[in-house]
Structure formats: structure tokens, C-alpha cells
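So the protein sequences, as listed, match chains W and S. Throughout the first sequence, residue numbering follows the numbering used here, covering 109 to 436 in sequence. Throughout the second sequence, residue numbering follows the numbering used here, covering 109 to 436 in sequence.
Note that these hints are calculated values from the structure, not bench results. Take the hints with a grain of salt, since some may be wrong.
Chain copies aren't distinguished; within one or between two, either way the pair holds.
35 Å max Cα-Cα, derived DSBU-like pairs, lysine-lysine [as the list claims (entries may be wrong)]: (1) K196 with K335; (2) K407 with K359; (3) K335 with K359; (4) K264 with K381; (5) K420 with K335; (6) K407 with K319; (7) K196 with K407; (8) K196 with K423; (9) K420 with K196; (10) K203 with K381; (11) K335 with K203; (12) K407 with K203; (13) K359 with K196; (14) K203 with K319; (15) K203 with K420; (16) K196 with K381; (17) K319 with K196; (18) K359 with K319.
Since we're looking at a predicted model, the values are computed, not measured.
There are 2 protein chains.
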Amino acid sequence: MVNKHSITAKAHPNIAFIKYWGNQDNSLRLPSNGSISMNLANLNTVTTAAISQGSDHDSLELNGIQQSGPVLVRVQQYMDQFRNIFIKHEHLDIKSTNDFPISAGIASSASAFAALSTAAANIYDLDLTQNEISALARLGSGSACRSIPTGFTEWKTGNTHEDSYAVSIAPENHWNLWDCIAVIQSSPKDVSSTQGHNLANSSPLQYARIKDAARRLDICRNAILNKDFETLAEIIELDSNMMHAVMMTSKPTILYWQPTSIAIMQEVRQMRKNGIAAAYTLDAGSNVHVICNGNDIQKIEDLLVGIAGVNKIIKSPVGSGASVVSLT
Amino acid sequence: MVNKHSITAKAHPNIAFIKYWGNQDNSLRLPSNGSISMNLANLNTVTTAAISQGSDHDSLELNGIQQSGPVLVRVQQYMDQFRNIFIKHEHLDIKSTNDFPISAGIASSASAFAALSTAAANIYDLDLTQNEISALARLGSGSACRSIPTGFTEWKTGNTHEDSYAVSIAPENHWNLWDCIAVIQSSPKDVSSTQGHNLANSSPLQYARIKDAARRLDICRNAILNKDFETLAEIIELDSNMMHAVMMTSKPTILYWQPTSIAIMQEVRQMRKNGIAAAYTLDAGSNVHVICNGNDIQKIEDLLVGIAGVNKIIKSPVGSGASVVSLT
Numbered sequence: 109m110v111n112k113h114s115i116t117a118k119a120h121p122n123i124a125f126i127k128y129w130g131n132q133d134n135s136l137r138l139p140s141n142g143s144i145s146m147n148l149a150n151l152n153t154v155t156t157a158a159i160s161q162g163s164d165h166d167s168l169e170l171n172g173i174q175q176s177g178p179v180l181v182r183v184q185q186y187m188d189q190f191r192n193i194f195i196k197h198e199h200l201d202i203k204s205t206n207d208f209p210i211s212a213g214i215a216s217s218a219s220a221f222a223a224l225s226t227a228a229a230n231i232y233d234l235d236l237t238q239n240e241i242s243a244l245a246r247l248g249s250g251s252a253c254r255s256i257p258t259g260f261t262e263w264k265t266g267n268t269h270e271d272s273y274a275v276s277i278a279p280e281n282h283w284n285l286w287d288c289i290a291v292i293q294s295s296p297k298d299v300s301s302t303q304g305h306n307l308a309n310s311s312p313l314q315y316a317r318i319k320d321a322a323r324r325l326d327i328c329r330n331a332i333l334n335k336d337f338e339t340l341a342e343i344i345e346l347d348s349n350m351m352h353a354v355m356m357t358s359k360p361t362i363l364y365w366q367p368t369s370i371a372i373m374q375e376v377r378q379m380r381k382n383g384i385a386a387a388y389t390l391d392a393g394s395n396v397h398v399i400c401n402g403n404d405i406q407k408i409e410d411l412l413v414g415i416a417g418v419n420k421i422i423k424s425p426v427g428s429g430a431s432v433v434s435l436t
Numbered sequence: 109m110v111n112k113h114s115i116t117a118k119a120h121p122n123i124a125f126i127k128y129w130g131n132q133d134n135s136l137r138l139p140s141n142g143s144i145s146m147n148l149a150n151l152n153t154v155t156t157a158a159i160s161q162g163s164d165h166d167s168l169e170l171n172g173i174q175q176s177g178p179v180l181v182r183v184q185q186y187m188d189q190f191r192n193i194f195i196k197h198e199h200l201d202i203k204s205t206n207d208f209p210i211s212a213g214i215a216s217s218a219s220a221f222a223a224l225s226t227a228a229a230n231i232y233d234l235d236l237t238q239n240e241i242s243a244l245a246r247l248g249s250g251s252a253c254r255s256i257p258t259g260f261t262e263w264k265t266g267n268t269h270e271d272s273y274a275v276s277i278a279p280e281n282h283w284n285l286w287d288c289i290a291v292i293q294s295s296p297k298d299v300s301s302t303q304g305h306n307l308a309n310s311s312p313l314q315y316a317r318i319k320d321a322a323r324r325l326d327i328c329r330n331a332i333l334n335k336d337f338e339t340l341a342e343i344i345e346l347d348s349n350m351m352h353a354v355m356m357t358s359k360p361t362i363l364y365w366q367p368t369s370i371a372i373m374q375e376v377r378q379m380r381k382n383g384i385a386a387a388y389t390l391d392a393g394s395n396v397h398v399i400c401n402g403n404d405i406q407k408i409e410d411l412l413v414g415i416a417g418v419n420k421i422i423k424s425p426v427g428s429g430a431s432v433v434s435l436t
């Protein structure tokens with residue numbers, strides 16, 4: 109065993125084509141339905157973990173700011189859960205940076221817990237498989253498990269902690285898809301994803317959404333494997349609408365869409381009528397992710413920046429999974 | 109029998125609190141779920157019917173313009189169905205005027221067929237009950253049956269032509285509610301309501317929406333009877349979201365909402381947080397109906413006209429049912 113002082117791991121957020129919304133088990137984050145996503149190469153969370161010298165708690169520095177309050181508590185509870193599994197006792201000093209806005213519909217918690225679980229597994233010298241790390245990432249944030257394997261990944265629901273993880277269904281170089289994110293709001297959301305997941309079952313439509321999920325997953329997986337953009341476009345727009353349908357019919361209702369979100373969704377449908385390979389999908393937020401063919405990216409960006417209310421465009425091709433980038 | 113030369117009938121459109129979307133029988137327009145609405149006193153369709161002298165077809169003048177094409181065909185097919193039931197042969201010359209924009213999310217077909225069925229029943233000298241006229245109106249446009257009785261009305265699904273009609277659940281003076289309609293688009297819709305109804309069952313969410321309808325109808329009916337605005341607000345917003353959830357997940361998906369629709373929906377939720385009795389509901393279109401307490405109408409109008417994209421406000425208190433206004 110090398111005597112490591114610190115481990116730095118990197119992970120990308122992912123954008124879901126078939127969405128995760130609602131749990132069959134909230135504490136283990138076992139999802140109600142399977143999901144499929146693509147990792148985003150140009151967005152990065154880089155997290156360094158070091159064994160804390162003599163401290164009785166984990167510390168967290170996020171984007172240069174030492175954390176206290178709910179963000180720190182969430183990470184500490186996660187690390188306690190992590191240590192319980194492996195009977196570890198040392199606390200960690202964690203430093204994490206994101207190069208994209210957090211809590212605004214870009215899944216920062218996914219890359220955060222993917223990078224943290226990877227760093228923690230290594231600093232504690234655990235010899236884990238990718239599936240095991242994916243399951244651990246899931247405990248922090250469900251969709252984080254999809255940021256562990258490479259490229260296009262699928263998270264099968266599973267029934268226990270051990271068998272609920274994501275696997276790669278196609279590598280990052282399989283298909284030149286890009287996510288062109290129209291950022292329309294960078295401030296934190298009214299309702300966090302974790303709160304929203306707990307409300308999912310209060311929608312009279314959630315059960316129907318889950319019951320139909322295997323069908324949507326099959327269509328989406330095959331569209332990726334066959335590089336069939338038109339089929340992919342239809343199923344991801346349907347699935348995004350379906351998740352927001354559940355949100356807007358839960359108790360209380362959640363309406364993440366803003367006027368600009370609708371303007372973009374309508375524009376993307378028009379683009380496709382005009383022969384541009386583009387499809388929209390929205391996570392739990394108001395930003396619109398325009399999934400598109402790499403060849404069309406400039407045309408799409410030009411059209412999106414012309415829409416009132418679009419603050420910024422973030423573009424990314426398909427990304428790799430989580431990895432250790434350095435140890436000292 | 110008086111020898112009538114012509115009959116003029118009047119009907120109001122209605123705004124649904126619990127929506128009609130999808131049929132169990134398309135040709136008879138037997139709905140998949142019951143619905144509740146309020147008639148709109150300030151919006152009027154006035155229709156005059158006269159027995160055509162020797163013509164072998166019905167004619168239709170709409171808002172001063174002699175009709176041909178699909179609008180005429182729809183009315184002719186309706187009148188053929190109507191005559192078949194009563195074994196009548198004479199065709200009609202029909203003149204109809206609306207004082208509000210047609211085919212833009214304000215249910216012009218409801219008041220149109222409510223007025224026409226009332227006029228036709230009288231010009232043919234049929235001695236019909238209100239329930240029978242309501243069922244006949246339904247054959248022309250499902251929601252038209254709700255414009256026959258007065259005030260707040262409920263349409264129970266029924267299983268046959270004869271038992272699928274609407275009845276009044278509270279008279280027009282029961283509660284000082286207003287509909288404050290923010291008109292944001294007066295052009296005809298991409299997808300007509302009739303086409304949309306036929307797509308309803310292609311949504312994986314429609315069955316769940318229908319299965320939950322009895323619960324929503326009970327809550328809405330009781331909220332009206334008890335004049336409980338907060339409960340009414342929550343259930344009509346939920347029900348509107350639920351119908352649009354089905355629309356946006358049908359095959360193909362239909363997205364009636366425009367950016368301004370969302371801006372208004374968000375504003376109405378904010379109004380309610382600020383203690384104003386207002387709730388939104390949208391029919392198959394982009395206009396937003398703000399249901400509100402008559403005392404708050406001026407405040408609400410002032411807020412709505414300040415929203416970019418709102419072209420016009422149409423206001424109406426609760427209206428009566430359909431009636432004959434003159435005969436010559």
C-alpha cells in the first residue's frame with residue numbers, strides 16, 4: 109500500500125435521456141424506475157480528499173468556500189454511511205470545485221458524489237469494482253451512479269444497495285452527440301431534487317409513468333445503439349415531458365418551467381421540422397438541454413442565443429466516467 | 109303550434125374546472141371522464157335558425173361570413189345526426205355570431221353547439237327537456253352540453269347518448285366568481301380539440317388521469333358548493349396541469365403552452381401566495397383563464413396586463429344556461 113496523502117478524482121455531470129424521478133426506497137435512493145444518461149465531457153467536478161489529521165468530523169470546501177450548514181451536513185451524513193459500510197473511522201478533509209453553475213438544473217450533485225465516492229474509495233484504500241463505486245455514489249445522489257461508468261450509461265433500479273448501479277451501454281466515442289445547454293437561471297431552485305423525489309408518489313400520474321418506463325428505456329437504449337436520432341429525439345422529449353407532468357401534478361405541484369424554457373422547447377421542435385437534429389430535455393430546473401448532432405451545434409447555438417431570456421450556452425460532447433486524476 | 113319563421117337562441121361558452129379530454133366513444137362524444145365548468149355570462153354566441161325553403165342542404169353564416177369547407181361540413185354532419193334522431197327532413201339556414209375570438213382556447217364550439225341545438229330543437233318544434241337538449245349539444249361538441257344548464261354545471265360521463273348530459277350543480281348567483289381571461293393568441297390552434305381528444309388515449313398517463321377523476325370531481329363540486337376558494341384553486345390548477353400533462357405526452361406530443369402562458373401561471377401562483385383569490389386553468393390552447401373572486405378582479409387585471417405577451421383581457425362572471433331569445 110502506497111501511503112497516500114490525498115486523492116484527487118474527477119467526474120462529469122450527466123444529462124438523463126430517460127429520467128430518474130421518485131424512489132422505491134428513499135434512504136437507499138433505490139429509484140422507482142431505471143434511467144439512461146450521457147456524461148458531459150466539458151463540465152467537471154474535481155474533488156480532493158485527504159484523511160483528516162485527528163479531526164472528529166469531515167470538512168468540506170466547495171468552490172473555495174469552507175462549508176457549514178445543510179451542504180456540509182449532507183456530505184457528512186453521506187461519509188458516515190460510506191464509513192459504516194467499510195468499518196472505517198478516519199474523517200476526511202474534502203475540497204471540491206465545479207466549473208459550472210450549481211443547483212440550477214445542471215446536475216452538480218451527480219458529479220459531486222461521483223467524484224467524492226471515487227476519491228473516498230481510493231483514500232480509504234478500498235479495492236472496489238466500478239459497479240461498487242457506482243452504487244456508493246448513488247447513496248449520495250441517485251443520478252451520481254450514472255456518472256461513474258463511461259459514455260452513455262444505464263442505471264437499472266435494482267432491489268438492494270449492492271445491485272442498484274449504472275453500467276455503460278456505449279462508450280464516449282460511440283456517437284458524436286452534444287448537449288447544448290441553454291442556461292436561463294443560475295440561482296438555486298425553489299424545490300431541490302431530493303425534496304422533489306419525495307413528492308413524486310403524490311402525483312396521480314407517477315405510477316403510470318413508472319409502469320411505462322421499461323418501454324421507454326428499450327426505445328432509448330436501442331436508439332443510442334443504432335444512432336437513430338429521430339427516435340431518440342421523440343423518446344427523450346416524451347420522457348422529459350412525462351417527468352415534468354408528474355412534477356406539475358404532485359402535491360404541492362412543482363412547475364420548474366419558466367417562459368424561456370417553453371420558448372426554447374417550441375424552438376427546438378421547429379428546428380427538427382426544419383431538418384436540424386435537435387431534441388430538448390429538462391432536468392429538475394428551468395434550463396433546457398438541447399441534445400444534438402455535433403454537426404449541427406453551431407446552427408443550434410446561433411438559434412438559441414437569439415431567444416430572449418437565454419443567459420448563456422454551455423456545450424459539451426459525450427464524456428468519460430469518473431476517474432482518479434492524481435494522488436500525492 | 110305557432111308557425112315560426114326563425115328561432116334565435118343564445119348560449120355562453122364555459123370554462124372547465126375539471127377538464128374533458130378524451131372519449132370512450134368518439135362518434136357519440138361519450139367522454140372518458142366527467143367534468144365541471146362555469147358558464148361565462150359576458151361571452152355570447154347568438155344563433156338564428158330558419159327552415160330552409162326547398163334547399164337540400166344546411167347553410168351556415170358565421171360572424172357575417174357565409175361558410176364552406178370544414179366548418180360548414182361539421183355543422184351539416186351534426187344537423188344530419190340531429191335530424192336522424194327525430195326523423196326530420198327540412199334543412200336549416202343558420203346564422204351565428206360570437207362576440208369573442210374563435211378557435212383560440214376559448215371554447216367557441218361549446219357555445220356554438222349549445223346555441224344551435226337549442227335553436228334547432230325549437231325550430232323543429234321538438235318538445236325536449238333540458239337534459240335532452242344538453243345531450244344533443246354534446247353530439248356537436250362534447251363540452252357544449254355543459255353550456256345548456258345554468259351557472260356551475262357537471263357533465264357525468266353516461267354510457268349512452270341519452271344519459272350523457274350536464275346538469276346544474278349551483279345557479280349563476282351562487283358565488284361571485286369571475287373568469288379573467290388573458291388572451292395571448294387569437295389565431296387558430298395547430299391541433300383542434302377534436303383532433304386532440306382522439307390522441308388522448310395515446311398518452312401513457314391518460315388512464316391514470318381518468319382513474320383519478322372521480323376524486324377530483326368530488327373535491328371540485330364540494331369546493332363550489334362550500335364556496336371554498338383555496339380548495340377550488342388547488343384542484344383546478346392540478347386538473348389543468350393533468351390535462352396538459354396528457355397532451356404533452358400523447359403521440360405526437362402536443363404543447364399548447366406558450367412562454368406567456370407560463371409567465372401567467374407563475375404570476376397567478378405568486379398572487380395566491382400574496383393573498384389574492386386567483387387560480388389558473390388552460391383549455392386546449394395557450395390563453396390562461398384566471399378564476400378569481402369578483403372582489404379581486406381589478407387587482408388581477410392590473411397584474412395580468414403588466415405581463416409581456418398579454419394582448420387582451422376578457423372578464424366574465426358566472427353565466428346562465430342556453431335560452432331562446434326570440435322567435436319570429
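Here is how each hint holds up against the structure:
In this assembly of identical chains, K196 and K335 lie within 35 Å of each other by CA distance neither inside one copy nor across copies; the values are 44 Å within and 60 Å between. Within a single copy, K407 and K359 get their C-alpha atoms only as close as 40 Å, which misses the 35 Å cut-off; across copies the closest is 28 Å, which meets it. For the identical chains of this complex, K335 and K359 are inter-copy neighbours only, at 22 Å across copies versus 38 Å inside a copy, given an alpha-carbon limit of 35 Å. For the identical chains of this complex, K264 and K381 are intra-copy neighbours only, at 33 Å inside a copy versus 40 Å across copies, given an alpha-carbon limit of 35 Å.
Taking the shortest alpha-carbon separations for K420 and K335, only the intra-copy value of 28 Å comes in at or below 35 Å, while the best inter-copy value is 47 Å. Taking the shortest Cα distances, K407 and K319 never come within 35 Å of each other, neither inside one copy (37 Å) nor across copies (44 Å). In this assembly of identical chains, the alpha carbons of K196 and K407 never lie at most 35 Å apart, being 52 Å within a copy and 61 Å across copies at closest. For the homomeric pair K196 and K423, neither the shortest alpha-carbon distance inside one copy (40 Å) nor that between copies (67 Å) is at most 35 Å.
In this assembly of identical chains, the alpha carbons of K420 and K196 never lie at most 35 Å apart, being 43 Å within a copy and 66 Å across copies at closest. For a Cα distance limit of 35 Å, the shortest separation of K203 from K381 qualifies neither inside one copy, at 46 Å, nor across copies, at 39 Å. Taking the closest pair of Cα atoms, K335 and K203 never come within 35 Å of each other, the shortest separation being 38 Å inside a single copy and 56 Å across copies. Taking CA atoms no more than 35 Å apart as the test, K407 paired with K203 passes in neither setting, with 38 Å inside one copy and 51 Å between copies.
Proximity of K359 and K196 under a CA criterion of 35 Å is satisfied in neither setting, with 40 Å inside one chain copy and 52 Å between copies. For the identical chains of this complex, K203 and K319 are neighbours neither inside a copy (41 Å) nor across copies (50 Å), given an alpha-carbon limit of 35 Å. Taking CA atoms no more than 35 Å apart as the test, K203 paired with K420 passes inside one copy only; the shortest distance there is 27 Å, against 54 Å between copies. For the homomeric pair K196 and K381, neither the shortest alpha-carbon distance inside one copy (56 Å) nor that between copies (48 Å) is at most 35 Å.
In the homo-oligomer, the alpha carbons of K319 and K196 never lie at most 35 Å apart, since the shortest distance is 40 Å inside one protomer and 50 Å across protomers. Taking CA atoms no more than 35 Å apart as the test, K359 paired with K319 passes in both settings, with 20 Å inside one copy and 17 Å between copies.
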